[in-house]
Structures are given as C-alpha cells and as structure tokens.
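Student: Here the protein sequences come in this chain order: A and B.
If you count by the numbering used here, then the first sequence holds residues 1 to 539, one letter each, in order.
If you count by the numbering used here, then the second sequence holds residues 1 to 258, one letter each, in order.
None of these hints come from the bench; they were simulated from the model.
Note that beta-carbon positions come from the ideal geometry of N, C-alpha and C, so glycine has one too.
Among these hints, one or two may not hold up.
[Unchecked claim] Straight line, CA to CA, 20 Å or less: simulated EDC-like cross-link-like pairs of lysine to aspartate or glutamate:
no., chain 1, residue 1, chain 2, residue 2
1, B, K177, A, D20
2, B, K177, A, D10
3, A, K195, B, D224
4, B, K184, A, E12
5, B, K177, A, D22
6, B, K95, A, E29
7, A, K107, B, E27
8, A, K186, B, E226
9, B, K236, A, E212
10, B, K77, B, E27
11, B, K5, A, E29
12, B, K184, A, D22
13, B, K95, A, E461
14, B, K177, A, E525
15, A, K107, B, E244
16, A, K108, B, E237
17, A, K195, B, E27
18, B, K5, A, E14
19, B, K95, A, D4
20, B, K236, A, D74
21, A, K270, A, E461
22, A, K195, B, E244
[Unchecked claim] Residues from chain B that face chain A, not an exhaustive set, calculated with beta carbons under 10 Å:
no., residue
23, L188
24, S192
25, R205
26, L212
27, D214
28, G250
[As the list claims (entries may be wrong)] Pair by pair, the computed Cβ-Cβ distance ranges are:
no., chain 1, residue 1, chain 2, residue 2, range
29, A, S53, B, S161, 18 to 24 Å
30, A, E361, B, L22, 24 to 30 Å
31, A, Y2, B, P45, 27 to 33 Å
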Amino acid sequence: MYIDIDFSTDWEQEFQKRLDNDGPFASWEMFNLAFEAEEHRAVPSFDGLVAPSYLPNLTPYEHQLETARRVVEDMNGKAILADEVGLGKTIEAGLVLKEYMIRGLVKKVLILAPASLVNQWSSELNEKFHIPAIPQKKSYVWEQADVVVTSMETAKRQPHRDIVLQQPYDMIIIDEAHKLKNASTKNYEFIRQLKKRFCLLLTATPVQNRIEELFHLVSILKPGHLGDEQSFKRQYKEDQKDLSNDDIKTLVQHVMVRNRRADTKIDWKKRNVENYMVTFTNEEIDLYEEVKRLKDTNMHGLSLTTLLRETCSSKQALGVTLSNMLKKGFLTEELVQPLITKMQQANRNAKAEHVLKQLHESKEKTIIFTEYRATQAYLQWFLQQNGIKSVPFRGGFKRSKKDWMRQLFRDYAQVMIATEAGGEGLNLQFCHHMINYDLPWNPMRVEQRIGRIHRLGQEHEVHITNYAVGNTIEERILRLLYEKIEMFEGVIGHLDDILERSQSTKLEHYVQDALSEESEVIAQEKLQQLSTYMKKGGA
Amino acid sequence: MNQAKVHRYIERYLTTSGAQFLSRSPEDIEVQLTRELDEELMNRPFYWHYLDKTGATPQPMQMRMTTNVENSNGFEKVHFGSPRLHQFFSSALNKGRFTRLYEQTAPHSRTALYPWLCLNVRISYTCHRRRDELRSFGVQLINGETVDNFMDVLRNRNVQSSIPEMAFKMAGLIQPKSAVARIKQYVLKELSSTKHAWADEAVRRMEDDLLLLDRFYQDQEASDQEAYQLEQIAIKEQYQPAIELNFINGGVFYLQSS
Numbered sequence: 001m002y003i004d005i006d007f008s009t010d011w012e013q014e015f016q017k018r019l020d021n022d023g024p025f026a027s028w029e030m031f032n033l034a035f036e037a038e039e040h041r042a043v044p045s046f047d048g049l050v051a052p053s054y055l056p057n058l059t060p061y062e063h064q065l066e067t068a069r070r071v072v073e074d075m076n077g078k079a080i081l082a083d084e085v086g087l088g089k090t091i092e093a094g095l096v097l098k099e100y101m102i103r104g105l106v107k108k109v110l111i112l113a114p115a116s117l118v119n120q121w122s123s124e125l126n127e128k129f130h131i132p133a134i135p136q137k138k139s140y141v142w143e144q145a146d147v148v149v150t151s152m153e154t155a156k157r158q159p160h161r162d163i164v165l166q167q168p169y170d171m172i173i174i175d176e177a178h179k180l181k182n183a184s185t186k187n188y189e190f191i192r193q194l195k196k197r198f199c200l201l202l203t204a205t206p207v208q209n210r211i212e213e214l215f216h217l218v219s220i221l222k223p224g225h226l227g228d229e230q231s232f233k234r235q236y237k238e239d240q241k242d243l244s245n246d247d248i249k250t251l252v253q254h255v256m257v258r259n260r261r262a263d264t265k266i267d268w269k270k271r272n273v274e275n276y277m278v279t280f281t282n283e284e285i286d287l288y289e290e291v292k293r294l295k296d297t298n299m300h301g302l303s304l305t306t307l308l309r310e311t312c313s314s315k316q317a318l319g320v321t322l323s324n325m326l327k328k329g330f331l332t333e334e335l336v337q338p339l340i341t342k343m344q345q346a347n348r349n350a351k352a353e354h355v356l357k358q359l360h361e362s363k364e365k366t367i368i369f370t371e372y373r374a375t376q377a378y379l380q381w382f383l384q385q386n387g388i389k390s391v392p393f394r395g396g397f398k399r400s401k402k403d404w405m406r407q408l409f410r411d412y413a414q415v416m417i418a419t420e421a422g423g424e425g426l427n428l429q430f431c432h433h434m435i436n437y438d439l440p441w442n443p444m445r446v447e448q449r450i451g452r453i454h455r456l457g458q459e460h461e462v463h464i465t466n467y468a469v470g471n472t473i474e475e476r477i478l479r480l481l482y483e484k485i486e487m488f489e490g491v492i493g494h495l496d497d498i499l500e501r502s503q504s505t506k507l508e509h510y511v512q513d514a515l516s517e518e519s520e521v522i523a524q525e526k527l528q529q530l531s532t533y534m535k536k537g538g539a
Numbered sequence: 001m002n003q004a005k006v007h008r009y010i011e012r013y014l015t016t017s018g019a020q021f022l023s024r025s026p027e028d029i030e031v032q033l034t035r036e037l038d039e040e041l042m043n044r045p046f047y048w049h050y051l052d053k054t055g056a057t058p059q060p061m062q063m064r065m066t067t068n069v070e071n072s073n074g075f076e077k078v079h080f081g082s083p084r085l086h087q088f089f090s091s092a093l094n095k096g097r098f099t100r101l102y103e104q105t106a107p108h109s110r111t112a113l114y115p116w117l118c119l120n121v122r123i124s125y126t127c128h129r130r131r132d133e134l135r136s137f138g139v140q141l142i143n144g145e146t147v148d149n150f151m152d153v154l155r156n157r158n159v160q161s162s163i164p165e166m167a168f169k170m171a172g173l174i175q176p177k178s179a180v181a182r183i184k185q186y187v188l189k190e191l192s193s194t195k196h197a198w199a200d201e202a203v204r205r206m207e208d209d210l211l212l213l214d215r216f217y218q219d220q221e222a223s224d225q226e227a228y229q230l231e232q233i234a235i236k237e238q239y240q241p242a243i244e245l246n247f248i249n250g251g252v253f254y255l256q257s258s
C-alpha cells in the first residue's frame with residue numbers, strides 16, 4: 001500500500017504498567033471528558049474551514065473566508081495573496097495558517113515581514129488568532145518558539161541564516177513579497193533555499209513593472225507552473241500580439257487570489273469628493289503665462305508640461321526644476337531671468353491659502369498629498385507660520401521615521417504632508433480627510449493615495465478635496481480625465497488587473513502626451529479613449 | 001461547540017478535578033484551584049520551586065472565567081478555540097487516558113460483571129489535507145466479542161471506580177494487551193480494504209507538481225541539482241498520504257450482561 005500507516009505505541013506500554021500496578025485510573029467523568037475533548041477537536045472533513053469555529057471573536061469578511069478556503073482546498077496551501085491594498089491580506093493569511101495548525105499539518109512556521117511590521121504581525125496572530133507567534137529578538141527564540149516572526153534582513157544574516165536554512169518549515173509566510181520580484185537578488189536566492197511545505201506570498205502589487213516579476217514569484221511557490229523563464233516570456237509576447245493572455249491568466253489564477261474592492265460585498269464608507277477650483281492671484285497668472293511662453297523656444301513639450309504643472313503647485317517646485325535645467329544647459333540664463341522676476345513678484349500662493357482656510361474651518365485631521373518635495377517643504381513652513389502643526393512623509397524615509405511620523409500625526413499634528421502614497425503599512429484609518437493638493441497623472445496613484453484612508457477599519461465617511469487651478473493645465477486634467485473616469489466613486493477599483501499593471505507606466509506617458517496636445521478636441525478624444533479603457537477594466 | 005456547552009464542559013472538568021467553586025452562574029465561573037491544578041494550569045514553576053525551598057504555606061490561585069464574550073467584568077473570556085479551553089482539553093486527555101470501572105448494580109443482588117476492554121482511537125487521514133475519524137471499540141475479554149461505538153454503550157451505563165458490594169467479577173480469558181492487538185488488526189484490515197479516493201487525489205496532485213518541477217529544471221545546469229532535490233522533497237512531504245492511529249484512551253470495564 002502506498003499510504004504510510006503510523007501507530008503510536010506508548011499508550012499500550014503505559015496501560016500495561018497501570019494494570020500491573022493496579023492504577024492509578026481515571027474517574028468515568030474524566031475518561032468521558034477526555035473523549036469529548038477529542039470529539040470537539042477532531043476535524044470532521046477534508047473540505048471546508050474549521051478555523052472560523054475556533055475564532056468566534058473574529059468576523060472575517062466573506063472574501064477573506066472564500067480566499068482562505070480556496071487556498072486550502074484548490075491551491076494546496078501555496079498561494080500568492082494579492083488583494084488590493086486594505087482588504088485584509090493579513091487576516092486571510094492568519095485564517096489559512098490557523099486552519100493548517102488546527103488540522104495538525106503545520107507546526108513550524110516562519111513569517112518574514114518588513115521590520116516595522118514584525119511586532120504588529122505577532123500581536124495580531126496572538127490576539128486575533130490565538131497563534132503563539134513570537135518576534136525573533138533573541139537567538140533562543142529559534143529553538144523555543146514554533147511560530148517565529150522576523151524580517152528578511154535578520155533572517156538572511158548570520159548566525160540566523162544557518163539556523164533558518166537548516167530548519168524544515170511547515171509553512172512560510174512572506175509579507176510584502178513584491179520585494180522578491182527580481183530573481184538575481186540575494187533575498188530571492190535566500191528564499192529559494194528555504195525548506196517549506198506550504199507557502200503564502202502577500203503583496204498588493206504582484207507586478208510592478210515587468211511581467212517576469214510575476215514569473216519569479218510563482219517560481220518560489222511552484223517552480224514550473226508557468227514553464228521555464230524563456231518559454232514564459234515567449235508565450236507572453238505572443239499572447240500580447242493578439243491581445244489575449246488568457247492562458248497565462250488562467251495559470252496565474254491557480255496560484256493567486258486577487259480580491260478587488262469593487263468585488264467585495266463590504267459596505268465601504270462613502271467617499272465624498274469635492275473639487276475646488278483655485279483662482280490664481282494676478283501675479284501667479286503672470287508667472288504661469290511667462291512659463292507658457294517657453295513654448296516658443298525649442299523646449300520639449302513634455303518638459304514644458306512639467307514646468308506648468310509645477311507652477312500650479314508652488315513657485316518653489318518650479319524653482320527647483322528651473323535651476324536643474326539651467327545646470328544641465330537645457331535653459332539659458334536669458335530665458336530664465338524673466339521667470340525669476342515673475343516668481344519674485346508672486347509672493348502669495350492662492351492654493352496654499354485656500355488649504356489653510358479649509359484646515360481652519362474643518363479642524364479635522366487631514367492628509368495632504370503633493371507631487372513635489374519643494375511644495376511639501378513650502379506647505380509645512382506655510383502652515384507652521386499660520387499655527388498649524390504638520391509632519392512630512394516621504395517614501396524615502398527610514399522605517400522607524402515613517403512609524404514615528406505616523407504616530408506624531410495620529411497623536412499630535414493636525415496635518416500630514418506626503419509626497420508618496422506607497423509605503424507599506426501606512427494605515428491612516430484614524431484620518432478621514434484628504435486633500436489632493438495636486439493630482440498625479442497616473443490615476444492608479446490617486447487610488448493608492450485614497451487607499452491610505454479609505455480602507456477596512458475606517459469608521460467614518462471619507463472626504464476628499466481635489467485642488468486644481470482654473471484656466472490651467474490642472475483644470476484640464478481634472479475635467480478631461482478625473483471627472484470622466486469616476487474614479488473617486490471607487491469604480492476604478494477593477495482597473496488594475498494585475499496583468500495590465502505591467503502597462504501602467506505607459507499610462508502616465510499617455511496622459512502627458514494627450515494633455516500636451518494643443519487642440520482641445522484632440523486631447524479630449526485621446527483621454528476619452530483612456531477613460532473608456534479604464535472603466536471597462538481594460539478588458 | 002456553543003457557549004452553553006463550553007460552560008458545561010468547564011464546570012464538569014473543574015468539578016471532577018477537585019476545584020472549589022466560589023460562585024457560579026450560567027455565564028461566570030469563579031473557582032479556588034487546588035495545588036495540583038494550579039501547578040498544572042497556571043504556569044508558575046518558580047513560585048512552586050520557591051515554596052518548596054522555603055516551606056511557606058502554598059496559596060493556590062483562583063480562576064475567574066466567563067463564557068459570555070460580551071461580558072466586561074474583567075473575567076477571562078473562554079470560548080471554543082481560546083487557549084484556556086484547549087488547555088482543559090489537553091489536561092482531560094492527559095488525565096483521562098487510562099481507567100478501570102465497574103457498572104453499578106441493583107443493591108443487595110449478587111450480579112456477575114463481565115470484563116471488557118474499551119479502546120478509543122482517532123484515525124487521522126493526512127496528506128496536504130486532513131480528516132479525523134473517532135472510533136470506539138469494545139472487546140469482551142472472555143468470549144472475544146467485538147463491538148463498535150462502544151462509548152455509546154458505556155454512556156448508557158452507570159459506571160464508577162469501585163465495585164458494588166455484592167457484585168462479583170468474572171475472570172477474563174483474553175489478556176487486555178491481546179485485545180488491543182486484536183483491535184489494531186481489525187482496524188488495519190478495514191483500512192486496507194477501503195478505497196482511499198483522498199489519497200489517490202493527493203498522489204495525482206503530487207505527480208502533477210513533480211512533473212512541472214521536472215520541466216522547470218530540465219534545461220538548468222547541474223549546479224541547480226541541489227535546489228531541484230530540495231523542491232522534490234518538499235513536494236513529496238506536502239502531499240504524501242498517511243494514516244495515523246492514535247489511541248485516545250481506554251481501560252477495562254466490568255459490565256453486567258445485557
């Protein structure tokens with residue numbers, strides 16, 4: 001028979017001893033309680049999930065339960081959990097882990113998370129799932145604990161590395177797994193060497209730039225599932241020609257679950273969106289017109305667009321780019337001089353002033369997003385001058401600084417000014433007001449921004465104000481793109497189908513190209529194409 | 001397991017373990033632990049070590065629990081899945097492994113009690129998934145009669161730790177350990193004559209994955225041989241069908257003939 005059959009024999013030996021020694025023997029009640037305990041603990045069926053019955057205090061969403069069920073039943077415990085940001089991938093992973101632990105199939109577990117999330121992971125597993133996870137702080141933890149949470153940086157460093165590589169794990173969970181997109185990195189090589197039976201990879205962005213990234217993630221789980229790398233790429237290229245990559249899509253769906261906001265039955269808090277059209281001061285108008293005049297030089301259309309966008313943000317943002325262009329010789333002193341004069345004359349920032357007014361009136365905790373570092377610094381100074389405390393946030397901050405800023409914002413400052421929406425674990429559920437000081441040209445990035453506050457756990461309706469300066473390029477993008485695609489209603493959720501993500505870098509170029517179009521009609525037509533595409537979810 | 005059942009289970013466990021109830025309601029349980037229970041459940045070995053060294057008076061702890069998860073009285077909330085209840089489960093499984101019990105007979109009647117071996121077994125079918133089956137066997141130790149679902153029989157009898165005054169035990173002809181061996185054989189025979197579709201399915205999935213693996217590594221260099229083997233082992237471990245037999249508990253029961 002090909003099935004192993006194991007007996008435990010220690011019971012028999014001990015039983016014989018008790019008979020020989022005339023006891024001790026259990027009472028009927030204890031004997032019965034023991035059998036009842038086993039009746040309660042026994043797993044009655046291969047299928048379905050038993051974990052929820054162990055977790056009466058956890059109320060998972062339907063999509064989370066369904067995901068856990070699919071991972072266990074259909075994917076044999078090897079899966080990429082790729083829900084959109086804020087849908088609770090940690091809960092899904094916790095459910096899967098709990099399920100395997102209850103079924104006795106998993107005992108030794110390694111969880112690799114970003115350093116700043118290590119404590120959060122272990123406390124969530126303990127509190128929500130009664131899984132005794134321990135953060136790796138001392139070296140003896142490796143031996144004493146069955147469920148260890150640590151960061152990739154720690155695990156791959158000696159003396160931990162040898163311990164981790166030598167230990168066969170029943171399950172490995174990797175959070176923010178998109179960091180493994182590149183197969184030629186040390187991290188990737190390290191992960192490939194781990195001994196694992198079951199494995200979960202968590203990422204909201206399984207493909208950031210190139211489709212190979214997905215190939216590499218899948219190869220960690222199930223080498224060969226997408227063939228070998230060469231044939232995969234070939235296949236993908238061919239598929240792209242006739243615009244259907246159904247084969248790959250189907251294969252990927254066997255190892256990946258991706259829930260989108262729009263598909264979940266969650267009662268999301270409402271998004272209230274207001275557009276505010278700023279009127280420039282006369283001096284700002286002069287400056288804007290002066291920048292526009294650069295068109296008559298041989299300046300590239302895209303560069304001009306950039307300068308115009310910056311002018312709408314702050315003269316400080318404009319100044320940085322101008323000085324860079326000067327240094328690189330793209331502009332001459334002669335051309336820049338009149339601009340500088342106008343900049344000096346423009347001593348008020350109408351947009352910033354209105355933001356200040358809004359903040360004074362609402363008194364609410366608010367996150368402000370801008371595209372430009374210089375604007376970020378200016379706004380912080382400007383608000384400070386007017387008695388409003390703010391903290392900055394950038395993707396480039398160290399982990400500890402990010403955590404610190406988040407905490408300051410939560411407990412102390414009214415405003416956070418951020419230049420980047422990305423940044424793992426930036427959960428700002430405690431804030432429900434957002435100002436888009438200027439809009440990125442890639443709509444997906446706006447969705448990411450909104451995802452910071454409009455996520456599970458948000459208890460209030462969220463309020464988003466989009467600022468745009470009237471009669472400028474900003475008004476155009478707001479009217480032509482954002483109002484059309486209705487993204488603020490949450491419709492856009494289904495745009496970022498993961499295979500289309502590989503094309504999302506093209507998106508911004510497309511928008512830029514369309515908006516630098518002289519003719520309103522042509523620009524409108526081009527953007528019309530885009531919004532149709534996006535609303536259909538790219539299908 | 002609903003909260004009422006949880007509550008009832010805890011009460012029975014603590015009662016039979018000798019804890020003293022300070023108060024009880026349909027939701028809350030407050031007990032004074034015995035020293036033995038404290039040592040087993042409260043995880044404070046240093047305290048007991050210290051006590052033994054100094055000879056101070058032992059002060060076992062009290063335990064306060066509630067089975068109403070909405071309750072805000074600060075009592076420990078216990079539900080199915082909570083560590084405390086599973087600690088009680090483990091404790092009962094540990095303390096209730098072996099027994100010898102006698103059926104109570106009508107007073108003043110000389111009644112014969114026949115020896116039975118009871119053996120409760122958990123059969124676990126495991127591969128990348130798992131299912132458990134609980135079986136309860138009884139073997140009469142004189143004539144060898146074998147009964148399934150023996151716990152159901154026992155639950156309908158009044159059995160206790162001491163033999164009733166006028167009752168007398170019939171001597172067994174079969175050794176308890178022979179009876180255990182007989183049950184093992186019986187189970188094995190049953191398992192090998194059953195069709196295990198779950199195992200076939202697991203092997204099919206294993207073979208699929210191994211095939212993919214081979215394809216993935218077919219053009220790779222010899223240096224990847226180690227990685228290949230690692231993956232191969234992992235896949236086999238993931239799916240390998242197995243059946244585990246675990247003896248939950250058992251004992252000798254002296255029963256009236258029915």
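Student: Taken at face value, is the distance from the CA of D22 (chain A) to the CA of K184 (chain B) at most 20 Å?
Tutor: Given pair K184 (chain B), D22 (chain A) is violated - Cα atoms ~24 Å apart, limit 20 Å.
Student: Quick one, are K95 (chain B) and E29 (chain A) close enough, alpha carbons at most 20 Å?
Tutor: Roughly 11 Å separates the two Cα atoms, so the pair holds.
Student: Against chain A, run the beta carbon of L188 (chain B) and see if the smallest gap drops under 10 Å.
Tutor: holds, 7 Å
Student: Does the interface hint hold: is S192 (chain B) within less than 10 Å of chain A, judged Cβ to Cβ?
Tutor: holds, 6 Å
Student: Taken at face value, is the distance from the CA of E244 (chain B) to the CA of K107 (chain A) at most 20 Å?
Tutor: holds, 17 Å
Student: Holds or violated: K77 (chain B) and E27 (chain B), Cα atoms, limit 20 Å.
Tutor: OK: K77 (chain B) and E27 (chain B) at ~10 Å, within 20 Å.
Student: With a cut-off of 20 Å on the C-alpha distance, tell me whether K5 (chain B) and E14 (chain A) pass.
Tutor: Outside the cut-off at roughly 32 Å; violated.
Student: Against the 20 Å threshold, does the CA-CA distance of K107 (chain A) and E27 (chain B) hold or violate the hint?
Tutor: Violated. K107 (chain A) to E27 (chain B) sits at ~33 Å, over the 20 Å cutoff.
Student: Do the beta carbons of Y2 (chain A) and P45 (chain B) sit within 27 to 33 Å of each other?
Tutor: violated, 46 Å
Student: Quick check: does the Cβ-Cβ distance between S53 (chain A) and S161 (chain B) fall within 18 to 24 Å?
Tutor: violated, 34 Å
Student: Within a Cα-Cα threshold of 20 Å, do K270 (chain A) and E461 (chain A) meet the stated pairing?
Tutor: holds, 5 Å
Student: Verify the proposed pairing of K236 (chain B) with D74 (chain A), using a straight-line Cα cut of 20 Å.
Tutor: Distance ~17 Å between K236 (chain B) and D74 (chain A) Cα, so the pair holds.
Of the numbered hints listed earlier, those contradicted by the structure are 7, 9, 12, 13, 14, 17, 18, 19, 22, 29, 30 and 31.
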